[in-house]
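These protein sequences, in sequence, are chains L, Y and D.
If you use the working numbering, the first sequence closes out at 367, no skipped numbers anywhere.
If you use the working numbering, the second sequence closes out at 330, no skipped numbers anywhere.
If you use the working numbering, the third sequence closes out at 551, no skipped numbers anywhere.
Any given hint could be a false lead.
Computed list of lysine-lysine pairs in DSS-like fashion (alpha-carbon distance at most 27 Å, straight line) [to be verified]:
no.	chain 1	residue 1	chain 2	residue 2
1	D	K401	L	K243
2	D	K91	D	K214
3	D	K91	D	K106
4	D	K149	D	K229
5	D	K234	D	K149
6	D	K5	D	K149
7	D	K5	D	K31
8	D	K277	D	K30
9	D	K234	D	K30
10	D	K91	Y	K164
11	L	K343	Y	K164
12	D	K277	D	K5
13	D	K214	D	K229
14	D	K401	D	K229
15	Y	K164	D	K234
16	D	K31	D	K106
17	D	K31	D	K277
18	D	K229	D	K91
19	D	K106	Y	K190
20	D	K30	D	K5
21	D	K149	Y	K164
22	D	K5	Y	K190
23	D	K106	D	K229
24	L	K241	D	K5
Short, incomplete list of chain L residues facing chain D, as computed with Cβ under 10 Å [unchecked claim]:
no.	residue
25	M131
26	Y212
27	A237
The calculated label-pair distances, taken between Cβ atoms and stated as ranges, are [stated by the list, open to error]:
no.	chain 1	residue 1	chain 2	residue 2	range
28	D	S355	L	K343	35 to 41 Å
29	L	N49	D	S355	55 to 61 Å
30	L	N344	D	E338	24 to 30 Å
31	Y	G58	D	I132	52 to 58 Å
32	L	I205	D	T379	27 to 33 Å
33	D	E253	Y	Y163	33 to 39 Å
34	D	D261	L	K243	55 to 61 Å
35	Y	S59	L	S274	32 to 38 Å
For the record, the hints were derived by calculation from the structure and aren't laboratory data.
On a predicted model such as this, the values are computed, not experimentally measured, just so you know.
Virtual Cβ for every residue (Gly too), placed ideally from N, Cα, C.
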Amino acid sequence: MKLNVELTPRSNIPTWMAYGTPVFTILAALIVSGFALFSLGVNPLAAYNIMFVQTLTTSFGITNTLVKAVPLIFAGLAVYLPLKARLWNIGAEGQLIIGAIVGTAVGLSVSLPIYALLPLMFITGGIAGAMWIAVPAWLRARYGINEIITTLLFVFIAQSLLNYVVRGPLQAAESNFPQSASLPTAATLPSIPIIGFPSGVLLAIVLVAVTYAIINYTRLGYEITFMGANDNAAEHAGMSKLKIYLIALMAGGAMAGFAGISEISGVEGRLRASFDPGYGFTAVPIALLGRNGAFRVLLAALFFAVLFIGGSSIETSLGVPSAITNVMEALIILFLITAEFFKNYSVGLSLDQTPTPSAPGDPEGDV
Amino acid sequence: MSGFVTGLANATVNASTVLILAGLGELISERSGVLNLGVEGMMLVGALSGFVVTSITGSPWLGLCIGILAGGAMALLHAFLCVSLNSDQAVSGIMLTLLGVGLTTYFGNPWTGDSVSGFSEVTLPIIGSFLVEIPIIGSALFNSTPTDYIALLLIPVVWLFLYKTNIGLEMISVGEDPETADTMGIDVFKMRYLAVIIGGLFAGAAGAHLSLAFNQIWSSGMTAGNGWIAVALVIFARWEPGRILVGAYLFGLLNAIQLYSQGLKFTLAPETALSGLLNPMIEFVMNPTIMSTYPYIVTLLVLVITVVRAENRQLAQPSALVQSYSREID
Amino acid sequence: MSDDKFVRMENITKTFPGVVANDSVSMSVKKGEIHGLLGENGAGKSTLMKILYGLYSADEGDIWLDNNRLEMDSPQDAIDAGIGMVHQHFKLIPRLSVSKNIILGKREPIAAFKDNSGSESGVLHSLTSNNIVQGLASRFTLGLDTPEKQIQQLSDNYGFNIDVTVPVWELGVGERQRVEILKALYRDVDLLILDEPTAVLTPTQAERLFETLKTLTDEGLTVIIITHKLDEIKEVTDRVTVLRDGRDIGTVETSEQTSDDLARMMVGREVLFNVDKDDVSVGETVLNVSSLRTTNDRGIEAVSGVDMSIRSGEIVGLAGVSGNGQKELAESLVGVRETLGGSIEITGDDVTNESPNAFINNGVSFVPEDRHRDGCAGTLSIMHNAVMKRYADSEFSDGFKLNYEAMEEYADTLVEEFDVRGINDVREINAGELSGGNLQKLILAREMLREPDLLVANQPTRGVDVGAIEFIRERLVAQRKSGTGVLLLSEDLDELFDLSDRILTIYQGEIVHETTPEEADRQRISLEMNGGKEEVKQPTQIAADGGRSGF
């Protein structure tokens, strides 16, 4: 007797699966995390109530969520765009840091009114982020060197640079702490009057819309999509791999730069040695969840924002370490990956006397 | 001066053990074609579980064993996702790092800041007392904790394993061309599972070494990026065990210099014409924080040189690295 | 040769999504014979043999070897049963040496632990022959010395002329195939399966191979050879089984069949491949190539000083054995491969080493050899693929934006004109879902309907069903009539003779012969494909072979 696992490749994905996957993975992650909560003597349902319901129903919670969402949306786009060309920008965190450094430097050294200074900070932060990914981008485009490793290495270099900068050139004159001076008001992202929402949200949403438009309506978007689908054929079609890879990755780098400067300008207020937000890594599950469209990236980012805000809420109110959100993040990725598998194959289990595992087959070609 | 050098040597060797252990594990995994970006998470899990077990039972050896197994368990998940489900290896690895960080921070809370009596430094029996007397490197190399010795021993062991055993040969072939290996009757899945799990076991050992020998405390995130350095190290070593030792010492040295050179400044005499220009540059280059980027920059250079200069057939990288394999699917 | 059915495959059925590869196929092979397995591309030959070798599992049916029923889940089982396979695409690991490639998977322990039964006795012997010890030794040691000597001996015995200690990447095509055969011989197989073995060999190398096979069968080995080449079947096989569209048509004595008989069995109907070719007056030069030199993917020179020109309204055929530079030549003519030297002019414009875009804009179209890898994006829609070469045209793009309605209409036009079947909505269906023939027609439509000045077609009818083949050939001729200059690369000499106005022969990166179908001598072209002289067995030949014969 032998347990048979039969895998049959699907030719199309059932609708319930296509739309339900994000929901199922999140539910599964919540259930499993529930056990972790339970082990600390916490009622999972009570915790989730605070985490999600409270966060979304209080104005305090909503505002915080939106504030948190801003860098997450940018970071999500930073991974999403290159992903369209089948490139992995794992180093978004590094580009984020560099964007933060450069943007802060500009904000501290240039005196302009806010409507000029803020755009300048963002532009320089974005360019810095794009520059930070330029070398890995070129190495990938020109030599095929895996961008996962190279962008990752640049993250560590960026982290060291941050350390250097806050103890050196950017260190606040009067203090001994490893941090920069505070950004002046002219360099701080304001809230939208009356509503009280952080203005960074507007910029983020605009960029989401722009990304969507580019991918779906422009020639560049066609080229990026085609290159991501088959780079050999794309080159035969006259598309320039170098150009597209560079554009896709550097656009991603710029987005990450925005994430960095928006966080300093809108939340942190100054550059600290401890600036280690991790948004660049959270961006990976965000981009995966939102793989099929820029607006889905927006939704995914919002979800994770709720998750993080909720996480710190339960830390203060229930004493649960906020690291539970990292666990949930990881679980979401885990279930997304496994869901990906089930989307491609339907699994049948059976008990068999004579083991003949028929595995899926090669559909065409060498028959 | 000699005290300084000896101290530096000591610090280098101490810092290198983690890298040797984690690096060897990652090397084996990558040789079979599976990239493991979850080393950091596996190390943390090994560190915490080793620490907890030792705290409770008082036996560092038991802690080490449990830590090793914990790393292996995580790697089992990575193997399942990457080898059986053909998931994206990079994403799975990052997920495991996140998971490791999250789980250990979450569950390790009660033990934060605690210390434990783990492994103490010992000398080798009989010859140990002579070896320690060797100037400079003697006390560094031969007055170490058991895990330091184990790490050094593992280098020739891994080399023999890869190049002088049938299993090693099969593992290498699986990382070069899984389809061919499959045709030759090799169980590709089993080999990759084995390699990935071994990688996890080593990572767990590296983590346990940190909490039981190197630092003998627990604090969340105590691996401090060593897992990522290990990944870079494997590239630097061009997937050869012997070079892992060289790289580990190099990276360890840079790390040690960071700690030791706080007070050191090299400057040119102020009167020379160029000093005004060069001194700030020298200061920058010798700045400890800046120096901590050198391992990564060097690794980048090695990576680029390896790929750019390589005649295709001699690429050091295992040809099938990061590509998933399943039979009957082109 | 005994009358026993040494190998029996009975009622084998194997289905893949969308296609029945083998439909209740039965085949039996006698011991010591060379048995041919004949059929067109897509007939099911490769699948059937992969089942025999344990790479695939049949959905239904049985396999018998020497009256033992075989249950095979993996190649290991096949190897254990004494079945060896030499694949079309060599299964060799370049980084490892020849001997390591050959012993891979055998798990031989070092000599000390080798199970030498009989001669030894005593404690040491009982210790080393213990199962557990054997298991450990086979895993954790590497027995290389003795096997290496044995393999070298084997190689020398058969005159293979190979140094078994060198890494495989140093060897050329012919040598690598010999390594593959050595692999099987070393494992003492009873049955050897060869999958399209001459696909990458020169005719002389193929002769060598056949001689070797005959020697081996004289010594008791049984051989199955998969091929689609009729002359090979006639030359070397004793009997042949013909497959068509997944079914077995029958098994016949080779000596009793003519090539026409076999062709009819393969194809099922009288296929008249005589395309009506009008006389077309040849016009301006569309392609002028001078002293062209390029390297292949491995950095070895593949095109070594080619001069040629093509004029509007003519089809120039290029004959040659795969691996002699034709692929690289085609790629450089469309801008996808850099050139080392020489020049390329399209309709008078020098486009040497320009980007693929420049070539496309200068009116060059390309039907690549590997349609899935180079010709389309399988996960994108028909529409996306239809405009692949024209998306930047003003018809479809307006500044930055794309006009999707126009693209969809265009895609519909392509599908309609070239009879691409299986599509109801060009936006919904992905290119990867099309069958080989239909995909090829789509690609041709795309490349032809943009009215190119030069069309380079590399094996345009390979892997395509018979109906589509006729369609494609007619279209090529029609394109010629409309004034396009066509370069046709094909392994099918009949096709070349049928369609070309001129035939060039390429060998080792040079054009060695030029003729017309009327004047041409088939024998002569075959000979030219081999450099026009007999291959002399010299040590230096390895270097020449290794460099030039491609992969």
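Cross-check of the supplied hints:
For the hint linking K401(D) to K243(L), the alpha-carbon distance of about 18 Å falls within 27 Å, and the restraint holds. At roughly 23 Å between alpha-carbon atoms, K91(D) and K214(D) fall within 27 Å of each other, so this suggested pair holds. Restraint check: the Cα-Cα separation between K91(D) and K106(D) comes to about 15 Å, which is no more than 27 Å; the hinted pair holds. Taken as a hint, the K149(D) and K229(D) pair is broken in the structure, with Cα atoms around 37 Å apart against an allowance of 27 Å.
This hinted pair does not check out: K234(D) and K149(D) have alpha carbons roughly 37 Å apart, beyond 27 Å. For the given pair, K5(D) sits about 36 Å from K149(D) by alpha-carbon distance, which is inconsistent with the 27 Å threshold. Taken as a hint, the K5(D) and K31(D) pair is honoured in the structure, with Cα atoms around 7 Å apart against an allowance of 27 Å. Annotation: proposed proximity of K277(D) to K30(D) is violated, straight-line Cα distance about 46 Å (limit 27 Å).
Distance restraint check for K234(D) and K30(D): the Cα-Cα separation of roughly 18 Å lies within the 27 Å cut-off, and the hinted pair is therefore satisfied. For the hint linking K91(D) to K164(Y), the alpha-carbon distance of about 22 Å falls within 27 Å, and the restraint holds. Only pairs whose Cα atoms come within 27 Å are accepted, and K343(L) paired with K164(Y) is rejected, the gap being roughly 42 Å. Between the alpha carbons of K277(D) and K5(D) the distance comes to roughly 49 Å, so the proposed pair goes past 27 Å and is violated.
The straight-line distance between the Cα atoms of K214(D) and K229(D) is roughly 18 Å, inside the 27 Å bound, and the hint therefore holds. Of the supplied pair hints, the one linking K401(D) and K229(D) is violated, its CA atoms being roughly 51 Å apart against a limit of 27 Å. Taking the CA atoms of K164(Y) and K234(D), the gap is about 47 Å. The hint is violated against a cut of 27 Å. Between K31(D) and K106(D) the CA atoms are separated by roughly 26 Å; this keeps the pair inside 27 Å, and the hint holds.
For the proposed pair K31(D) and K277(D), the alpha carbon gap of about 49 Å is over 27 Å, so the pair is violated. Distance check on the hinted pair: K229(D) and K91(D) sit about 23 Å apart at the alpha-carbon level, within 27 Å; holds. Between K106(D) and K190(Y), the direct Cα distance comes to roughly 16 Å. Compliance with the 27 Å bound is thereby established for this hinted pair. A distance of roughly 5 Å separates the Cα atoms of K30(D) and K5(D); the hinted pair therefore holds under the 27 Å criterion.
Our distance criterion of 27 Å between C-alpha atoms is met by K149(D) and K164(Y), whose separation comes to about 18 Å. Pair hint K5(D) plus K190(Y) does not hold up; C-alpha atoms about 37 Å apart against a cutoff of 27 Å. Only pairs whose Cα atoms come within 27 Å are accepted, and K106(D) paired with K229(D) is rejected, the gap being roughly 34 Å. Distance hint between K241(L) and K5(D) is unfulfilled; the C-alpha atoms sit about 56 Å from each other, more than 27 Å.
Because the smallest distance between the Cβ of M131(L) and any Cβ of chain D comes to about 24 Å, over 10 Å, the interface hint for this residue is violated. Interface hint at Y212(L): violated, since its Cβ lies 14 Å from the closest Cβ of chain D, which is beyond the 10 Å cut-off. Hint on A237(L) holds. Least Cβ distance to chain D is approximately 5 Å, under the 10 Å limit. Against the hinted window of 35 to 41 Å, the Cβ-Cβ separation of S355(D) and K343(L) comes to about 37 Å, which satisfies the hint.
The supplied range of 55 to 61 Å is met by N49(L) and S355(D), whose beta-carbon atoms lie about 60 Å from each other. Checked against the hint of 24 to 30 Å, the pair N344(L) and E338(D) fails, with Cβ atoms roughly 37 Å apart. At roughly 36 Å, the beta carbons of G58(Y) and I132(D) sit outside the given window of 52 to 58 Å. A C-beta distance of roughly 29 Å is found between I205(L) and T379(D), which places it inside the suggested range of 27 to 33 Å.
For E253(D) paired with Y163(Y), a C-beta distance near 52 Å fails the hint of 33 to 39 Å. At about 56 Å, the beta-carbon gap between D261(D) and K243(L) stays in the expected band of 55 to 61 Å. Between S59(Y) and S274(L), the C-beta spacing of about 36 Å keeps the proposed range 32 to 38 Å intact.
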